[in-house]
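Trainee: Residue numbers (my numbering), protein chains in the order written: chain L, 1 to 272; chain U, 1 to 221.
Do not rely on the hints blindly, as some may be mistaken.
Simulated pairs of lysine-lysine, DSS-like, Cα-Cα distance not exceeding 27 Å [stated by the list, open to error]:
1. U:K130 / L:K98
2. L:K88 / L:K70
3. U:K217 / L:K139
Examples of chain U residues toward chain L, derived with CB under 7 Å [said to hold, decoys possible]:
4. E119
5. L122
6. L124
7. P138
8. Q186
9. K217
The hints are simulated quantities; they were obtained by calculation from the structure and are not laboratory data.
Backbone N, C-alpha and C fix where the C-beta goes; we use that ideal spot for every residue, glycine too.
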Amino acid sequence: MKTLTKDYPLQLSGDDSPIVRFQNVTKRYGELVVLDALDLDVAEGEMVTIIGPSGSGKTTVLRMLMALEKIDDGVIYVNGEPMTHMEKNGALVRASKKHLRQQRTNIGMCFQHFNLFPHMTALENCIEAPIQVLGLSKKEACQRAEELLDMVGMLEKCHEHPARLSGGQKQRVAIARSLAMRPKVMLFDEVTSALDPEVIGEVTQVIRKLVAKHNLTMLMVTHQMGFAKEISDRVCFFFDGKIEEQGSSSQLFDNPQKERTQQFLSAVLEAG
Amino acid sequence: MSYVEFLTEFGPRLVDGTITTAQQTILAAAVAILIAVAAGLMRLSHNRLIYGAATVYIEIFRGTSLLVQLYWIFFVLPLFGLTLDKFTAGFMAVGMNLGAYGAELVRGGILSVPKGQWEAALALNMSPAKRMIRIIFPQAILNMLPPWGNLLIELLKGTALVALISVTDLMFEAKQINGSTFLSAQVFGTALIIYYLMARCLITPFMRWLERIMARKLGRI
Ligand SMILES: Nc1ncnc2c1ncn2[C@@H]1O[C@H](COP(=O)(O)OP(=O)(O)O)[C@@H](O)[C@H]1O
Ligand SMILES: [Mg+2]
């Protein structure tokens, strides 16, 4: 195992410590450096949006935080504890599978292509992991799932299979499915990019509701600049696996400082 | 002797043989499925030993003839202290052989499940075993049912070889009747038709029915 090169705290402490911290996180695919010594803090309850050109590493950030793959360098902390690593004899070593599973309970993720389980109804999709992973009884899991499906406006269709749902409906079920695990941090990876324009509103409406009513921390990758501007506490512009520029929505959208940000924003705005 | 007379005289023996063939087919299919699932999963393992063991098994059983394998299991294994009766040796040999082919179908079926399904299950923190059993395998089955239909027909045809170690299946009875009557056209013609009907009127419709059930579970119809 590779030893860590820098000093990483064994724990984050203090009231103002972030719920998510990327410290010097590097991810490579062969020669290609996809995340380049990334530092990013997210405060509890914060809504952080990631924008940037295709291939800049936006999806990778979320996938690493979901622990879908291993990182090559650096440490990700969640909820004050290292997630990609764990403490052993006063030093950080790579997380065991068990530690990763433990830490993954804090995070939920929604995908561009929904990834609902096609052999299960909407309700079954939402109770599967609560029963199998959290050990809830079927009754408890159904109750929780029904509440969430109601919140996303899908209770009526809860006995349909995904094949019979529209894209917007599938994505709303997928959001309910993630929330049923009660994560502290929700990740949204271009959840509206695969949708027809007329149903995008259904999904953004659900996300608005989450922001307004729940104290969830959210990281969202999106190409919808209007929505990002309206809803984000902070916007990060990614370029080449790094944060090129970040700030509040008004700072970043109305008064971008870096040339690459300006170019990207004007290109996106031009495309409509 | 007319064909009707032939059937009245030898029909019962052919029916007995057909029943044995059906039993051999069902038991061999059960063996083949178990081996295919085990070897197919082993071929997906990152552990080289596990992967290697399955690969060797598949290579041996696909790379050599079923008849030689049958003789090995029936005539050679007893020399190493493992004696099987001919009925058991028969379906084990056929099942182990076709299971090697089935393993690749299982592996392919599992790999055909989109990556997003694995990631969604992982994001929901499902354990590897639960993910396989509850999410991936049910979807893989639907993808692999059509090739399994072909494989089971191959398996039915393969059971004819068990006659060579004197299992009294359809082929064995046919040969016996032919040996005493020399009515080759009638007896082998009848056997041919019975094998064909078993494949087309039992196995194929059964697989179609399974496919429909699975498709319904996926909400595709
Ligand atoms: N599994 C992988 N293997 C190799 N390269 C990958 C893999 N996943 C992503 N990449 C590459 O990493 C880069 C960043 O990908 P990604 O994070 O998906 O970008 P974005 O979401 O910003 O469009 C891209 O160049 C992509 O081709
Ligand atoms: Mg992406």
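Trainee: Can E119 of chain U be said to touch chain L, with a Cβ gap under 7 Å?
Mentor: With a closest approach of 6 Å, the E119 of chain U hint holds.
Trainee: Please check whether L122 of chain U passes as an interface residue: C-beta within 7 Å of a C-beta belonging to chain L.
Mentor: Nearest chain L Cβ about 6 Å off; hint holds.
Trainee: Would the hint linking K130 of chain U and K98 of chain L be met if the CA-CA limit is 27 Å?
Mentor: holds (15 Å)
Trainee: With a cut-off of 7 Å on the beta carbons, see whether P138 of chain U makes it to chain L.
Mentor: Hint on P138 of chain U: holds, closest Cβ of chain L at ~5 Å, below 7 Å.
Trainee: Within a Cα-Cα threshold of 27 Å, do K88 of chain L and K70 of chain L meet the stated pairing?
Mentor: holds (19 Å)
Trainee: L124 of chain U was flagged as interface toward chain L. Is the shortest Cβ-Cβ separation under 7 Å?
Mentor: holds (4 Å)
Trainee: Do the numbers back the hint for K217 of chain U, that is, is its least Cβ distance to chain L under 7 Å?
Mentor: Holds, about 5 Å.
Trainee: For the pair we were handed, K217 of chain U and K139 of chain L, check the Cα-Cα distance against 27 Å.
Mentor: holds (22 Å)
Trainee: Given Q186 of chain U as an interface hint, is its Cβ closer than 7 Å to any Cβ of chain L?
Mentor: It is violated, given that the least Cβ distance between Q186 of chain U and chain L is near 49 Å, above 7 Å.
Consistency with the previously given hints fails for number 8 only.
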